[in-house]
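*Asks:* For chain A, the structure is supplied; the task is to place chain B on it using the hints.
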Amino acid sequence: MVERLRTRLRSLAANLAETGRKLWQDSLAEYLLHEKDPGAALIYLKYWGLNYSRIVLFGVEAPFRLGPAGVVRMLVHNPWIFTLLKVNRLMRRYGRGRTGPYLESVCLALNSVVRGNVDMLRQMFYRPERMVISEDLVPIDIVHAMGLDAYLIEGIGIMLPILDSEACLQYIDEAENEGMNPDACSLPKTTVGMVIRDHLPKGVAIVSSNLPCDAGAASYSFIERAYGLPTYRLDVPYNFHSERAENLFTEDVKGMIAWLEEHTPGRMDWDRFREICVNRNRILELELELWDMLRVRPAPLASEAVWLSHLWNVNVTPDCRESVSHFQKIVSLARKNLEDGLPATQNERYRTLVWNPPFLHFTHIFNWAERTYGLTLLNDSMTYHHHRPIDTSTPDTMLRGWGRVVMQGPMVRHTRGPAENYLDDIFRMVKQFDLDMVWVANHVGCKGGQAMNGILREKCREKGIPLLILDYDLSDPRIVSHDNMKRQVEHFMDNVMKAPRLDG
Amino acid sequence: MPPHTHTIRVFEELLESPRNRLVEQAAEAGRIPIGYSCSYVPEALLMADRLFPVRLHAHGIAGTELADNYLSSLVCSYTRSLLEFALDDRYDHVKGWVFVPSCAHMQRLVDNLHYLRKPAFSHVLDVPRKVSRATLDWLEEELRMLSDRLSSHFGVDMTDASLTQAIGEWNRFTQAVRAIGDLRKRPDPPLTGAQYHAMVMACLASPKDLVLPYVEKLRKELQVRDGARGTRARLMVVGGHLHDPGFISIIESQGALVVADRFCTGSLPGLTPVRVDGDPIRALAVHSFEKTLCPRMMEDFDRRLGFIRDTVREYRVDGVVLETIKFCDLWGVDSMTLVNALRAEGIPVLKLEREYRTSGEGQLRTRVQAFIESMGA
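Order-wise, the sequence lines are chains A and B. Oh and the first sequence: position 472 is 472 in this note's numbering, straight run, nothing missing. So the number in this note's numbering is just where the residue sits in the second sequence, counting from 1, plus 1000.
Chain A with its partners taken away, still in its complex shape (with noise of 0.2 angstroms):
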């Protein structure tokens, strides 16, 4: 512990000017410093006070309820809460360039992202013989409604390279220096890194699945070992769209629930769960409405105000109201801008989507490719997730209708069935908000969506769709840098879009 403390500040004194030059830029400062329009200054000043407050309110009410030893346990034990603490500075980033209700849709997202966090926090460390610990794709509207605690173990992993993006390295390595395959996907390797350092707090059960793929998949043996803890895995069939495989994995589910009220102290609660299905109708209600004034040309908003709000309101607090009323915000803000007249993105020239996760260490090209190009993200794969609503008539048709938003959500159905499932979305939302260009995130360790970029390729030329094939890694910086990722977009607007740069 000593010993990696001195590292760290002999590397942190190495890098001081480059730390420096950073911290500066990214800090309210530099902010107010360049900021020309005062109406922009103000919802930036006001995000970056509600956004320090939410953290000050957790500070201050942490002591009361875990003891001052115990606040001093929780950041000895999981020294990644401090990562937490950098929001914003990713609110700069985001925030650059940005005006009028785009930028506060924007800051919106990321204010919910600090309450989903601060919420998780609490979770994570206040009842801890009344918390479960979920896989990321294992929504945990159940657990919730089983009066139980819970977080998503991958949703780490995911929030700290988008606020820091080398916050995972020092994981990533742990694994690999386990044994894990390299060549795995960082998630998983994050993951199982944060297990191995005991980074993460247990709990009293797992809940898992087979998804999203294998890597994923194969690291819960050794969570489960690891942890010690009792584990149950749904199973999403491979053949998911059919009456049948919806009754086997409505069993399962089922199985999940008698197994939770045997080894938790958690008991299903029928009212609480409907009042969860309702929450999650009324967001996909306000999506679609979102979604809907996308499609114009010039669109209303776009990039983090969509995929940045689904990520944390839908994947991991689907429960809470306050989704509901983030959404409700977001699409009001959508309104405004439709109404009069005001694009998200000054000159928007081009549209895309990205497949797969967005780039999570580097989540600020977009910012970048706005206004570099004048190029929009519309939409993403994450993002994408149509079913119908839950049926709320009773026990059954609830769990039923839940089991179908697992099995249809993102990067499920992209990795089961038939490759129509993966290639059908695609042109779907190309044809949905009037696209110009498809961007795949090319996450070097998802072997599920490399195989499919020589059909994607040939099937795009068919339909004289531009594709640009970004190569990166998920969580890793090291493996193609963020100027090498600039520099592929930059080749593919130039040479495939002859698309002039708006920055001169």
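Hints should not be assumed to be uniformly reliable.
[Said to hold, decoys possible] Straight-line distance between alpha carbons at most 25 angstroms, and here's what the computed DSS-like set of lysine-lysine pairs gives:
(1) 86(A) with 46(A)
(2) 1118(B) with 459(A)
(3) 431(A) with 459(A)
(4) 22(A) with 46(A)
(5) 1351(B) with 1185(B)
(6) 1118(B) with 463(A)
(7) 22(A) with 86(A)
(8) 1185(B) with 254(A)
(9) 336(A) with 254(A)
[Claimed, not checked] Covered stretches of chain B, as calculated for chain A (at least 3 residues, CB under 8 angstroms):
(10) 1020–1026
(11) 1121–1132
(12) 1318–1330
(13) 1333–1340
[To be verified] Derived Cβ-Cβ restraints for the label pairs, each shown as a range:
(14) 173(A) with 1373(B): 24 to 32 angstroms
(15) 1117(B) with 487(A): 33 to 41 angstroms
(16) 1025(B) with 464(A): 46 to 54 angstroms
What the hints contain is simulated information worked out from the structure, not anything from laboratory work. The beta carbon of each residue, even a glycine, is placed where N, CA and C say it ideally should be.
*Replies:* Same frame as chain A, but now just chain B:
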């Protein structure tokens, strides 16, 4: 080391091409070869009536340039090799393909094969990733659907009587192979691991009834043969697809003897008889889950570990060689846990990452040599 015999050479010859002379002989007699690539496919089902199963291999593959264009070079080389051979018309004799979505790579092989060269008959057998009464029922239904499709497409008899007969044939075949496999428990096994594997692979890639006489012949030859003496270590090979007996030859060239094989195309526990007690399809579903120990099964780690541990004791194994094909996430991730668990039980383990085609011979020799020395042999 026990020398090669004429029968062993026959097995090696049968492995030279997916379209070996026994496959041709059967096809000429009007029988129908069905290709499969995963151990969860119950071979006995594909032995009904005029059908016969052939395990798809790409022995002698030189490169995967065409397949890389579609599957990318970051997908396991077994999958790429199958696509390359398919695009090179090397499986034209195969009349039907039965797949299992065993892993992301195999799923995408199906997608790419259907896109590039859709077989006249192709079926994906949706094998669940955990075992329970519900998933057993599901698998039984899956097998019924496959059986119905085979019957209607090829006009073959898939009735219970026909399946029971096929299961009987499968059981006779596995008993013959296991009888030879059991000889490896002896302190001085009469055949090497490479020779045994050549026999098993040849059997998997050929019609069982036509290859069985050679298996019987080998068994008789082995009864009067001297066993291996002076081996430095008895090893067990564990892992996924391993088709080339040459890989085991290289391991054995360092003085070790491979006496047990827990990999997809090995005999432990893959070649076990089917217990029929009533419905043959139900029996095949149960058998499918029991005979395979793959990390794709989410709740099977302890069974897999226990099986390896028991085999180590039963076959008096000194060390385990864990071989995984590069880019295989299932074995790649699982091996981290498996290696630690085996070492914790005092079992020495050598983990080897390899390509489907045997390569890097020199490096492999050095690593095996070092492993044997580390065991004090």
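*Asks:* Take a quick look at whether residue 1185(B) and residue 254(A) sit within 25 angstroms of each other, Cα to Cα.
*Replies:* 46 angstroms, violated
*Asks:* Counting residues of the stretch 1121–1132 of chain B that have a beta-carbon nearer than 8 angstroms to any beta-carbon of chain A, does the count reach 3?
*Replies:* holds (count 6)
*Asks:* Against chain A, does the stretch 1333–1340 of chain B show at least 3 residues with beta-carbon separation below 8 angstroms?
*Replies:* Holds, because 7 residues of the stretch 1333–1340 of chain B bring their Cβ atoms closer than 8 angstroms to Cβ atoms of chain A.
*Asks:* Between residue 86(A) and residue 46(A), is the straight-line Cα distance small enough, at 25 angstroms or below?
*Replies:* Given that 25 angstroms is the threshold and the Cα spacing comes to 17 angstroms, the pair holds.
*Asks:* Lying within 46 to 54 angstroms: is that true of the beta-carbon distance residue 1025(B) to residue 464(A)?
*Replies:* This hint holds: roughly 51 angstroms between Cβ atoms.
*Asks:* Please verify whether residue 1118(B) and residue 463(A) have alpha carbons no more than 25 angstroms apart.
*Replies:* 22 angstroms, holds
*Asks:* Check the hint pairing residue 1351(B) with residue 1185(B) against an upper bound of 25 angstroms on the C-alpha distance.
*Replies:* At roughly 23 angstroms apart (the allowed maximum being 25 angstroms), residue 1185(B) and residue 1351(B) satisfy the hint.
*Asks:* The hint says 24 to 32 angstroms between residue 173(A) and residue 1373(B); measuring C-beta to C-beta, is that right?
*Replies:* About 30 angstroms separates the Cβ atoms of residue 173(A) and residue 1373(B), which means 24 to 32 angstroms holds.
*Asks:* Given the proposed pairing of residue 336(A) with residue 254(A), does the C-alpha separation stay at or below 25 angstroms?
*Replies:* 44 angstroms, violated
*Asks:* Is the listed coverage of the stretch 1020–1026 of chain B by chain A valid when you require three or more residues with a beta carbon under 8 angstroms from a beta carbon of that chain?
*Replies:* violated (count 0)
*Asks:* Would the hint linking residue 22(A) and residue 86(A) be met if the CA-CA limit is 25 angstroms?
*Replies:* Holds. Residue 22(A) to residue 86(A) sits at ~12 angstroms (cutoff 25 angstroms).
*Asks:* Does the Cβ pair residue 1117(B), residue 487(A) satisfy 33 to 41 angstroms?
*Replies:* Distance hint for residue 1117(B), residue 487(A) holds at roughly 37 angstroms.
The structure fails hints 8, 9, 10 (numbered hints given earlier, in ascending order).
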